[in-house]
Each structure stands twice: as C-alpha cells, then as structure tokens.
Amino acid sequence: MEQLKERILKEGKHIGNGILKVDGFINHQVDPVLMNEAGKEFARLFKNVSPTKILTAEISGIAPAVSTGLHLNIPVVFARKHKPITMPDQVLLTLSPSHTKGRTVELIVSPEYLGHGERVLIIDDFLATGMTILGLIRLAEIAGSTIVGVGALIEKTFELGRERFEKLEIPIHSLARIKSMEDDTIVLY
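Numbering (the working numbering), first residue to last: 3 to 191.
Calculated from the structure, these hints are not laboratory results. Please read all numbers here as calculations on a predicted model, not as lab measurements. There could be a bad hint or two in this list.
As the list claims (entries may be wrong) - Once the Cα atoms are required to be at most 20 Å apart in a straight line, the calculated EDC-like pairs of lysine to aspartate or glutamate come out as:
no.	residue 1	residue 2
1	Lys83	Glu114
2	Lys7	Asp186
3	Lys42	Glu4
4	Lys181	Glu13
5	Lys49	Glu171
6	Lys23	Glu60
7	Lys181	Glu165
8	Lys181	Glu143
9	Lys12	Asp25
10	Lys12	Glu39
11	Lys23	Asp186
12	Lys49	Asp33
13	Lys49	Glu60
14	Lys15	Asp25
15	Lys7	Asp33
16	Lys23	Asp33
17	Lys15	Asp185
18	Lys23	Glu8
19	Lys181	Glu161
20	Lys7	Glu161
21	Lys7	Asp185
22	Lys7	Glu39
23	Lys12	Asp185
24	Lys15	Glu161
25	Lys83	Glu60
26	Lys23	Glu13
27	Lys169	Glu143
28	Lys12	Asp33
29	Lys85	Glu108
30	Lys7	Glu184
31	Lys181	Asp33
32	Lys15	Glu184
33	Lys169	Asp186
34	Lys15	Asp186
35	Lys12	Asp186
36	Lys23	Glu161
37	Lys85	Glu60
38	Lys49	Glu39
Can you make the complete structure from the sequences, with help from the hints?
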C-alpha cells in the first residue's frame, strides 16, 4: 500500500533494537484516513476466506482491525492486556512476549465474544517476531475457532515472524514490508 509506505519513509523512525516508531500515524496518534484505506485493502485481500470475526491485540491493532471490520461488515474482538472487572471469571488467556514493552504480557479474551466455529481473521499493526500473532492464534484455537488469515500493517521481514505460522497454510498479507532498518535508514520492498 503506497500511502502507508510513504508515511513510513517520511515519518517512521528506527529508534534502535529493531523498533520502528510510527507513533504519529498508527501507534499513538492515529490517521483515520490511512486506517480507512488499510481497512479497505485488508477487506479486499481477505474477503474470499469468508471471515466471521476479526481478532487483534490491544491497543495498536484496534484501529486497522476496526476499519477492516467496517469494510467486511463483521465484528472485531480485541485481546486485552489487563482483565477488567466486567469480564467473566472464566476467560481465554495466553502469554506473549512483547518486544516493545520488554516483558511478557497477557492476552485475554472473554469467551462471550470468541467461540467455537468462528472463522477468525487476525489483523495487527506489526508482524515482527510473530509472537503476538501466535498468541492470538492460540486464543482462537482455545476458543474452537478457525484461523482464516493474518494481516499486518507493517512487516519487519528480517525478524522472521512469518515463518512461525506459515505452516498453518493460510493467507498472510502485510501492507508494507521492511527489508532492513539500520541507523536512520529504513529499506522497504
């Protein structure tokens, strides 16, 4: 997606340790026009797998997931990192290491909103090591759902995350793929 690639090259900053800062349009301040275009593109890429629900992780995955859900006309569920008091005692829970947080985080979903027989499309902001997406896959599998696709706004191919779930033989699409990041240089495919 050219618009996303242009924003990454113009505003993205490699801050070291493999971390790309895109806070100005994805992770802290969200560009709704960009997210709308991303949602349209994900809907086009995944409509043929007939998803019934989108699953993402809080917080940065919510904007692209909601936009995709809008264009596919399906609900979006996000895995929380803290259990609110409104959630039932019995939850779907897994642990996932977070590169940007520097620690393991919980991913929690209420079984009220993710269940047996759902056709789940996972949408997230980044595909890097693949650990968060693997956590979302585990949650969907625990719920008895079927994963039908994975979409990421940005993929850091040098972190090899895609290989972690290619064996699932599902469509995997990234809207911008980064070949390398060294010093202040971001190289896209």
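We went through each hint and held it up to the structure:
1. Lys83 to Glu114: Holds, at about 17 Å.
2. Lys7 to Asp186: Holds, because 16 Å separates the two Cα atoms, which is no more than 20 Å.
3. Lys42 to Glu4: holds, 14 Å
4. Lys181 to Glu13: The hint holds at about 17 Å.
5. Lys49 to Glu171: holds, 17 Å
6. Lys23 to Glu60: holds, 17 Å
7. Lys181 to Glu165: The hint holds at about 15 Å.
8. Lys181 to Glu143: violated, 31 Å
9. Lys12 to Asp25: holds, 13 Å
10. Lys12 to Glu39: With Cα atoms ~18 Å apart, Lys12 and Glu39 stay inside 20 Å; holds.
11. Lys23 to Asp186: holds, 11 Å
12. Lys49 to Asp33: Measuring from Cα to Cα gives roughly 24 Å; hence the hint is violated.
13. Lys49 to Glu60: violated, 23 Å
14. Lys15 to Asp25: holds, 9 Å
15. Lys7 to Asp33: Since the Cα atoms of Lys7 and Asp33 sit roughly 14 Å apart, the hinted pair holds (cutoff 20 Å).
16. Lys23 to Asp33: holds, 15 Å
17. Lys15 to Asp185: Status holds; Cα separation ~9 Å.
18. Lys23 to Glu8: Holds. Lys23 to Glu8 sits at ~14 Å (cutoff 20 Å).
19. Lys181 to Glu161: holds, 10 Å
20. Lys7 to Glu161: At roughly 18 Å apart (the allowed maximum being 20 Å), Glu161 and Lys7 satisfy the hint.
21. Lys7 to Asp185: holds, 18 Å
22. Lys7 to Glu39: holds, 13 Å
23. Lys12 to Asp185: It holds: about 15 Å lies between the C-alpha atoms, which stays within 20 Å.
24. Lys15 to Glu161: holds, 17 Å
25. Lys83 to Glu60: Given that 20 Å is the threshold and the Cα spacing comes to 7 Å, the pair holds.
26. Lys23 to Glu13: holds, 8 Å
27. Lys169 to Glu143: Satisfied, since the Cα-Cα distance of roughly 15 Å is no more than 20 Å.
28. Lys12 to Asp33: holds, 14 Å
29. Lys85 to Glu108: holds, 9 Å
30. Lys7 to Glu184: Holds. Lys7 to Glu184 sits at ~17 Å (cutoff 20 Å).
31. Lys181 to Asp33: violated, 24 Å
32. Lys15 to Glu184: holds, 10 Å
33. Lys169 to Asp186: This hinted pair is violated, its Cα atoms lying about 34 Å apart.
34. Lys15 to Asp186: Between Lys15 and Asp186 the Cα gap is close to 7 Å, so the pair holds against 20 Å.
35. Lys12 to Asp186: Status holds; Cα separation ~11 Å.
36. Lys23 to Glu161: With a Cα-Cα distance of about 16 Å, the restraint between Lys23 and Glu161 holds, given a limit of 20 Å.
37. Lys85 to Glu60: holds, 12 Å
38. Lys49 to Glu39: holds, 15 Å
Violated hints, listed in ascending order, are 8, 12, 13, 31, 33; each of the other numbered hints is respected by the structure.
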